[in-house]
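Undergrad: Here the structure of chain A is known, so what remains is to put chain B in place on it, guided by the hints.
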Amino acid sequence: MSHAPILQTLFPNIDDWGEIGHACIDTLLMLGGSLLLTVLLGLPLGVLLYLTGNGQLRPMPKLYAITSLLVNILRSVPFIILMIVLMPVTYFLVGTKLGIRGAIPPLVIGAAPFFARLVETALREVEHGVIEASQAMGASLWQIVRHVLLPEARGGLLAGVTVTAIALVGYTAMGGAVGSGGLGDLAYRYGYLSYKSDYMLVTVALLIVLVQLLQMLGDRIVAHYGRR
Amino acid sequence: MIRFVDVHKSYRVDGHDIPALKPFSLEVVDGEVFGIIGLSGAGKSTLIRLINLLERPSGGSIFVNDTEMTALAEPALRAQRRRIGMIFQHFNLLASQTVADNVAFPMRLAGERNAVTLRKRVDELLARVGLTDHADKYPSQLSGGQKQRVGIARALANRPSILLCDEATSALDPQTTASVLELLAEINRELKLTIVLITHEMDVVRRVCDRVAVLDAGEIVERGSVIDVFLHPQHATTKRFVNEALPEEAIGEEAAFARVPGRILRLSFRGDATWTPALGRVARETGIDFNLLAGRIDRIKDMPYGQLTLAMQGERVDAAMLALREAGIEIEELRR
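First to last, the protein sequences are chains A and B. Counting from 1, position 181 in the first sequence corresponds to residue 183 in my numbering; the numbering is continuous, with no gaps. Counting from 1, position 126 in the second sequence corresponds to residue 158 in my numbering; the numbering is continuous, with no gaps.
Okay, chain B solo, but in the shape it has when bound:
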């Protein structure tokens, strides 16, 4: 578990305190994938570095697995850091070492000297990230995706309970991003590893995160389960991120609204409700008419969801809405 209690951070520049993160509290529970999304300069990279104290907070306390990180002296802090893996946007591998030596590096730092033990663990880790054949190559001989896989293997070497991902897919092409995210999701599932990731892409959050916090100018403006935030974004910044992930949705919606009569509703289906033919059934039972304006069906992490915008006409629209709600469908009324 990671816990921030009244943490804030400012940088001193030319005698002035420039706030980077306004006071906040936050909890990341064991085994979840927690996303922090924000534009560049929002403070997300500072926030993730507070966890392993690469950045020291200006005030407040940070707990990792009930250890107060902010109270630790240097040697104890180093010992704690060994149990927190971290991967980076630019991979940060040792260019002078082979893939195998890069992966063995954190174990050597922790004092492991036995060549057989090291080799065995390195083989295990490289097999997990699918790089068994590349053990003796140098990082410069690898592609971006392969480098990040080495980064992941290295981060897992000391069997951490937490993995921090600092824009881990931002330097990768979409296809490679998808495969690295798939690997992270797999690690989270199989090793029960808690993952904290920062990103500026809502799509990354949608694919792997359980919960998300939206950071805007040093402030957490919204947080919650990804599906809630995704289906019902509240803050303007969040809405912008969500729309970015779904560009087609926003296009021409207003224009379409003007041309149709009736009440305009947005229905959100999640989980099993996505696959139930509730809309047709309710329409038959209540005799309403509907006209589809926009819609999509997708997946948030492992959960399917759907969202339909439609215009509804008829005498029993209220009854239809009630019936739909009873079927587990969320309704937002965009126009009465």
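Same shape as in the complex, but just chain A:
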């Protein structure tokens, strides 16, 4: 309690630090849940893009063109618009448009195509010779994906997860504007709508710390598991 007066002087409008703590946890929950689902959805989508691409293992120009177009559409719609447009879908999927649960479907639908592209790029980095060698050894397509492509591209894939996680932090903050809760919600409601700039300052600082931590963590994981 000894430093409470200092905090009070610095941030006169913030009377409930517990609310900020709560918002932090909400942001982390949204981030964790949506990142997990984004990877689960984006990874197969990225593999599909890679395999069906021109000159790849299973070239299917039409399927590739359709998937690619879909991915590009979802990536070009600004996230805030995507969130609003997707509200009926969100309601259908999770039974609410609000809160953490309501935020996760649009977050995943917004981030999965982004992650899928990163997966596609990472897989293209795998040397053709290694794939040819495994074909010569009698590997099936599934074996090549599972035992050659994914492990060989591990570094790039983990870097992609890091970039996606950071993009998701931005998305969750934006989600605050349409009622998803979390740090973005605080910044928007108190900081922007009520002119309490100290709220804005604290939440933005926390977001910066979060992004910084994610990047450091991601870099460490890539350095450890992405060894060549």
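Hints are computed from structural coordinates only; laboratory data are not their basis. This one's a predicted model, so the numbers in the text were calculated from it and none came from an experiment. Certain hints may be false.
Rough simulated footprint, nothing fancy, chain A against chain B, three-plus residues with beta-carbon under 8 Å [unchecked claim]:
no. : region
1   : 110 to 120
2   : 124 to 135
3   : 138 to 144
Beta carbons are placed, not taken as given, at the ideal position from N, Cα and C, and that holds for glycine.
TA: Okay, now just chain B, sitting in the frame of chain A:
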């Protein structure tokens, strides 16, 4: 045995068929080392990939051990591929796996799960290629020669009857090349493995191959036992390759010819004839004189051979030639 029957291959580029290999038939017999030599773009890398169908022929049939590869459906083809080992110019090892896991990889693909069995076989293979102490390293920690040895161990893992070598020594320095070729020759001898290798270096063919086919612009222009092709090249491309392997031979030969009188002969000795003092004996018996212009003694795989270019003078040159031929020496007359 590998058999190509009327095989040809062309690539479709921008609506045009670009021929890569003109129709050919070819047979590689069990246990031999068969070399395919050609310049880059001659089609040799396409040819070797036809054997395990990494490339599909545009027409014709390919048989491996009496199985028609070209008639197989995907799962049966994969099963056949497991019995054909392959090594590559750039090794193509899995960078994310240790040496031991790279060697175990084809066995895992074939469904072997037992860790003890895998470990035992990996140890055996690493001992064969001399990498026992490197099992837990990653490919990036190895030299080029060591990487190729891992490649060889991996190719042998499923006990194939055929080993395909795609420019296996082209990325290696001469000394490492020699040791890798020695290893391949040893494998061929001890495991009775049929080896097909492609290369652009005649020296590789000379050291390890039994037979050779020369590929020029998608066409097999010459084929035969290495010693025949080496001693008596017919096609211009073959001559170029042979001369490359023996640079000193071509130098100044023409100039030397102009300065000596008499008939100019090229004598080829092979096998035991190399060690017999036939030339001296014949010269004494027939009273001819000879003047050496060029010569070499070397080895083709395990067979010693010699080739001498000489000018011969005297009344009984024809008799001398006859006697030399009787002693098992081949003679080409370069100038009468």
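Undergrad: It remains to establish, for every hint, whether it holds in the given structure.
TA: Here's how the hints hold up against the structure:
1. 110 to 120: holds (count 8)
2. 124 to 135: holds (count 6)
3. 138 to 144: holds (count 4)
This entry satisfies every hint, going by the numbered hints stated previously.
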